[in-house]
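Chemist: Spelled out, the chains give:
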Amino acid sequence: MRRYSVFAIAREALRYHTGWERAWRAPEPKKKYDAIIVGAGGHGLATAYYLGKNFGITNVAIIEKGWLGGGNTGRNTTIIRSNYLQDPSAAIYEKARSLYETMSQDLNYNVMFSPRGLIMLAQTEHEVRGYQRTAHANALQGVATEFISPQQVKELVPIINLEGPRYPVLGGLLQKRGGTARHDAVAWGYARACSDMGMDVIQKCEVTGVRTEGGKVVGVSTTKGDIDCDKLGIVVAGHTSVLAEMAGFRLPIESVALQALVSEPIKPCMDVVVMANTVHGYMSQSDKGEMVIGGGTDAFNNYTQRGSFHHIEETVRALNETFPIISRLKMLRQWGGIVDMTGDRSPIISKTPVDGIFVNCGWGTGGFKAIPGSGWAMAELMAKGHSPLAEEFHMYRFREGKFIDESVAAGVAH
Amino acid sequence: MSNAVTPLGGAKTNIGGLTLEDMGLQGMISLRGDLSSKALAKAVKAVTGQGVPELRTANVMGGKGAAWMSPDELLLFVPYAEADAAVATISETMKAEHHLAVNVSDARGFMRLSGAGAHEVMSKNAPVDFHKDVFTAGMFRRSRLGQVAAAFWLDAEGGFNVVCFRSVADYVYRLLEVSAEAGAVDAL
Amino acid sequence: MSTRLAKGGRLIDSTKPLDFTFNGKRLKGYEGDSLASALLANDQMMVGRSFKYHRPRGIVASGAEEPNALVNLGTGGKFEPNQRVTTQELFDGLTATSQNHWPSLEFDIGAVNQLFARFLPAGFYYKMFIHPRPFWKHIYEPFIRQSAGLGKAPTEKDADTYEHFYFYCDVAVIGGGIAGLAAALEAGRSGARVLVMEQEAHWGGRAVVDGVMIDGEPAEQWIDNTLAELDAMENVTLRERMMGAGVYDHGYVLGYERLTDHDPKLAGPRHRLWRIRTKQIVTATGAIERPLSFAGNDIPGVMLAAAMRDYLVNYGVSVGDRTVVVTNNDDAYRTALALVDAGLVVPAIIDARPQGGGELMEEAIARGIRVEKGRGIAKVKGRARVTGVAICAQEGEGAVLAEIDCDAVAMSGGWSPVVHLWSHCGGKLNWDADQAMFRPDATRAPTGDKGQPFVITAGTANGHLYSAEVLVDGYTAGRTAAQAAGFTPAATEAAVGEDASQAPLLPIWLMPQGAGHALKSKAWLDFQNDVKVSDIQLAAREGYESVEHAKRYTTIGMATDQGKLSNINGLAILSQALDEAIPNVGTTTFRPPYTPISMGSIGGAARDELFQPIRKTPIQGWHDENGAVYEPVGQWRRPYTFTRGGESKHDAVKREILNTRNNVGLLDASTLGKIIVKGPDAGKFLDMLYTNMMSNLPVGKCRYGLMCSENGFLMDDGVVARIDEETWLCHTTTGGADRIHGWMEDWLQCEWWDWKVYTANVTEQYAQIAVVGPKGRQLLEKLGGMDVSKETLPFMQWADGVLGGFNARVYRISFSGELSYEIAVPASQGRAFWDALWSAGQEFGVMPYGTEGLHVMRAEKGFIMIGDETDGTVIPQDLNLGWAISKKKEDYLGKRAQERSHMADPNRWKLVGLETLDGSVLPDGSYAIAQGKNANGQRNTQGRVTSTYYSPTLGRGIAMGLVHNGPDRMGEVIEFNTTNGGTIKAKIVDPVFYDKEGAKQNV
Amino acid sequence: MLTLQCPYCGVDAEETELQGGGEAHLKRFGPGSNDDDFEGYLFLRENQKGIHFERWRHAYGCGKWFLAARHTNTLEVFGTYPAQSTEPPQHIKDAISAKLPGWKWGNFS
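So the sequences go chain by chain: A, B, C and D.
Okay, so the first sequence: first residue is 1 according to my numbering, each after it adds one.
Okay, so the second sequence: first residue is 1 according to my numbering, each after it adds one.
Okay, so the third sequence: first residue is 1 according to my numbering, each after it adds one.
Okay, so the fourth sequence: first residue is 1 according to my numbering, each after it adds one.
Treat each hint with caution, since some may be false.
[To be verified] The calculated lysine-lysine pairs, modelled on BS3-like cross-linking and capped at a C-alpha distance of 25 Å, are:
id	chain 1	residue 1	chain 2	residue 2
1	D	K99	A	K351
2	A	K65	A	K267
3	C	K684	D	K27
4	C	K756	D	K99
5	A	K53	A	K31
6	C	K1000	A	K154
7	A	K231	A	K30
8	C	K684	C	K701
9	D	K99	A	K402
10	A	K65	A	K31
11	A	K231	A	K267
12	A	K176	C	K28
13	A	K384	C	K933
14	A	K65	D	K49
15	C	K157	C	K137
16	C	K756	B	K95
17	A	K204	C	K428
18	A	K288	C	K152
19	A	K267	C	K152
20	C	K25	A	K267
21	C	K1000	C	K782
22	C	K684	A	K154
23	D	K49	D	K99
24	C	K450	D	K99
25	C	K137	A	K154
If you're looking for bench data, these hints aren't it; they were derived computationally from the structure.
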């Protein structure tokens, strides 16, 4: 693989950029792979990448029914944080965050990870207590966060309105090394690295069936024919239930539409990411200058990648109140993605009733930030049958009543 | 009751041709039961002088009558001072069958919006078709006004009677006021 | 130079001059001008800079599709960035400044990027700035952020207001051109309720400018007559300056009405967002002309041919004195003819088609215009404005055949139907190779709630370029929509449109077709985001083959015009690079809104006081008048404490608690939930709802109860009173009132629908006041009325009676550990009753207390608080509330869940009291640390603080917490963490810190 | 933006008048039930890309819960019916079969 660098750019410039090679190959599927990952989104590609990098398993295919990175990886609001309350969450999200720190160098692809700082506003006494609890938990989890005063919030976010008539800002939980990254680049960077390791990224190939023998997986049927494998990783977010049904088991998840929107670009006016959970809105400013805004989820199962407008209305209403200046900006574009929600709103990284089939799903509204950690844990689970990071996220925790519930921190996951 | 006050304290505003006003103390009774039962009809008649209203209608006149709230619930309107007595009468009349009658007079805000353009003011706040030919006198609807639950009907004089929870009466009143001040849409 | 002609301009009133400024320059325009036409009339060719290379940018279009001419508009509270000059009507006093340059529009440092353009191809930033790691955040990114971003950020709160409007109709017609008007006419005549939206201030679309004849008369005549007829119809609503912004599921349409943008002095809301429900939608949204891709097609002075015609005919503005027309279709000839008619010079029409055009070409030739067939533009000359063009053979590689001096270029690459609204909800498209355009596929329309198609497209939006077809299509669409909506339209005679016949268009995606890199890298596709033909080809070469990849990699179509001009050209270049047919490559997804809509309009009237409802108790007024410091609890605002004079919150709370413990305090408890549950099966029902027995509660008595979710977690608690044989009154937490009532109804309606139980939420029927403290009884006795003695009304009983002339229901319950009466009176008399207690209480030193005092006092008593001791993961057993869990009952909600292994685990953390050794207050949310670390390197823990306060009563910090095996470890000292890495020692003690035997409340 | 007709008050209710209640026709399993049944009742969901039976409450209207048969990808509503139903009415099943021959959902088909 030709490395990317400013020198490579200069060299190519002289020949009108005619020498750049493909970022990833476009192979036809082989008859058999050691492992097949269904879903070439961030989580699937990261799983494949770490299978190769950490465990030397490179006879791997990543099968995607559409185009790689075309699902929630390319539709989210790119927020990265690890200030979670529960130990298992903090562990996997912090692992992910730390991997983001060096991702551009590891992949030789600039994913523009920008640890510009992230604040969760506390706007009720209850939220203040909730975030102080998170801050104490984080201190023991090795996650660097601090609870800051309204004045400190104002210094970091000059455009904020501290004294809303409804919910004054009482403080905030700041994670200095939280931030954002370029979502497409994460998928593209992983795909390029996987391809470079000899893995096959197969796009426009839909899985139509999961083939098992004696309770063990033997392969998948696809629109490009049958493909055999020893191990199968299902990493398809909103469509997990559809795949699970092919494999013959049910999951504790429901698929709903999550919406987001961006404003027209303006000159930089907000450098940190702000989440206001009391009023259900969060916002950051992209490097293009757009205000990137996250909305809510619908209350009904939905596969359309379209949400209902009133969620957009509620979110914008809240942000007009929190950041009065945005009232005169314009909404450029709104869209939706299909996210899968579990019984406790935490993800599932788990073995399944079918031997050789592993599932990674249920990231709900917060998947992007977890991509590297999720891939790391999933790869370890698939390679070794056990992963400390994935330990608590198995799919049988619900029948045991062993929830991993983040909502208790008065926070909503994004 | 001399020291009883409504949440709106008798407020009244005139905006353009519109009038928004607190309807004052009004006896209201939530009656749950079998709407097809004779005893219920008898009780309703006894305390309101009206029959059991049809699906999604109200037959309130001069502060007395009933509104259809749900398949097993009516909202009865009686003079404020008579509410407790009315509840007693209902309980007596219906003691033979399963029902629930409770005085909710104080749990409500009650206001009226009238004048040209009232339809449009309502249309700014509720996901309901208020077209003059569609939302007609006597029709009763439970829905949202802005962000809170409300019930309303159009009376014979062309005024919208709005019932909401007491704690948000201020909000609803202000919402309608602001919508009225914003002016006509000229679309209904 | 661009200027205003002596005559012409059907939309302007030259007797009404207007003043405005651009970058501080005082300029003149006329009423009826758009900001774009006014700028051109003042020879303001350059109006902005591009996003990436900061290249000079001029006006290229005349409508919503404009990608270049965006300005900062207005000042202060009325400032708006990124406003399109083409959709902004001129008004007197308008102030605008150009964007994305420093220090000035004419001289912009950022323009150096052009010199490095070759080093900044598509996706260059994915390949650069990788090392060294810290540089991205600290050096590269800040630079990129600064150079991006277009308009300035507003600095002040929005001075305007907004509103919403719900509207219902049978047929919503989007677009007020002749197709839309025809559709509206037909649907209107059928009696259907019709809404017609036109985004501009004028009706008729392009027909008038294009000189269309209808029924033998100029289109204007037919448009006026039609408008008059529609206006007269009761069932038709016509709205101009209103854009169909988005089509959503089940016939939901957003209409974006701009009420005062054209004259900010007008009163009322600035924008009104219509939330429309319609049975059928007709999208008659017209088409957008495509640019041609030749070198220098982005230089100011190069404009879409039809736009140039608009400025000429509508505003009497000429973009240039000498205009070269370049085209691959006949329509652009209309521009050439119009220019000549206006006495302007057209040195040549460059027609890429070897055979040239039809009738219109003949007319042009007859008028002495030189027509160059089979030719293209090799490059446009000039920097900040056009000075000439070099022409070449279209089929060659760009060898210059001749040069022509000119100061403007009118280009036309054909037309793209506006299919956005059709596509928002899943309408599919077909590629029409002859006209080189995507057209809606009527057989694959968006479907509604009954599976029925609910969008019909008409006219040019449907791919019809002749007005005759457009009109017929419009009538048909109107009729079809009306029928689908349940009406029977009388088939009427369609008006007949006539216009010149046209020779076929020749798809031209690159000019000349053999252009080399030097030319391709100057041939712009996306003018705002600086995406060129070479960039798309690079993306394809690198494997970004999906149209979505190419879009995201090059940013084509991601600018504020969302690719209205660039998408099809870019797609065609991509498909050529991939050697795939255009339809196989496909389009990117169309998302609302059609053009950007203000955030203010989305929020509507919900701002400031109306942002969210604030629920008020009947006693709120008194709180406001007496120094209440509020805290939001749900939508209520409850007094946290009542400060006096310069008193701090902390001191106020301390005073309130001590006074309540020693004298008497008043608490407004009106927000507590109160739900009546009545019926023969009410007892059975409550036994399922609560963990303990309620069916055996004697009439007249009160009992504390717990409610769990089906997951077993504790979700609410409160005191239940048995009112009579069939009736119970359940108190819930403030936040729980509506939730628990809904919870009850859910089970009654969906699971146990044969049980005879009715519920009623009477929370707001009563003002509830807690009279708390040793002197409470004296206070009530002074008010006079019912007997409140220990004998008649002992602890945990209730009674109805009269107090001080008020009908009251009195509960002997205590959440503070003091002698306590909770008194409910009709809400209408709540304030009066409070006032009565207040004056009667003066001699006993009565004081109000707030939620913080309430919290501290309950903690001193070891009472749990939902939301503090519970967090959605705690079960009653964790809180040693086993006594409140009936052993007799076979079932209650949550019981099964509590049998699960992890719930029954003896190692769960359990409730204890905590005392620091030095009397200090433990930090909120602190964790008890244990030895070692877990597999993920996190410090092990053995408990956590759930509530922690300074207790004025005990003069020290007290806390409650959940600790591993806590109840068995009384007296043990464990360590709690602080956020700065320190620890605090605390002793495990009984959670009841005050009056353990309960002597004080039971008097 | 869904519109569902409330089978009790007949109102074509906009989504903002409604409260979603998740999967319908769940059989409650209480104390004594085995882990599989309980997990199935409380957590495991059909979540098909296709037909879905679900609970809605006309929360801002008559306050009643009702059930709806809806397609999760086209959002077509095949009908609404009272919450006091142990299985979908035949005419709704027929309407579904017309669009989705051979459909299966839980115990229904």
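Chemist: If you draw a straight line from the CA of C:K1000 to the CA of A:K154, is it 25 Å or shorter?
Modeler: Violated: C:K1000 and A:K154 sit about 47 Å apart, past 25 Å.
Chemist: Decide if the proposed pair is consistent with the structure: A:K65 and D:K49, CA atoms, cutoff 25 Å inclusive.
Modeler: Given that 25 Å is the threshold and the Cα spacing comes to 15 Å, the pair holds.
Chemist: Straight-line Cα separation of A:K65 and A:K267 no greater than 25 Å?
Modeler: 38 Å, violated
Chemist: Under the criterion that the straight-line Cα-Cα distance not exceed 25 Å, is the pair C:K137, A:K154 satisfied?
Modeler: 21 Å, holds
Chemist: Taken at face value, is the distance from the CA of C:K137 to the CA of C:K157 at most 25 Å?
Modeler: Cα-Cα ~30 Å, so violated.
Chemist: Do the alpha carbons of C:K450 and D:K99 lie within 25 Å of each other, as the hint requires?
Modeler: 11 Å, holds
Chemist: Would the pair A:K288 and C:K152 pass a check requiring their Cα atoms to be no farther apart than 25 Å?
Modeler: Holds, because 13 Å separates the two Cα atoms, which is no more than 25 Å.
Chemist: Does A:K30 lie within 25 Å of A:K231 when you go C-alpha to C-alpha?
Modeler: 15 Å, holds
Chemist: Between the alpha carbons of C:K756 and D:K99, is the straight-line distance 25 Å or under?
Modeler: 40 Å, violated
Chemist: What's the verdict on C:K25 and A:K267, does the C-alpha distance respect the 25 Å limit or exceed it?
Modeler: Within the cut-off at roughly 23 Å; holds.
Chemist: CA of A:K231 to CA of A:K267, is that 25 Å or under?
Modeler: Violated, at about 49 Å.
Chemist: Does the structure keep A:K65 and A:K31 at a Cα separation of 25 Å or less?
Modeler: 18 Å, holds
Violated hints, listed in ascending order, are 1, 2, 4, 6, 9, 11, 12, 15, 22; each of the other numbered hints is respected by the structure.
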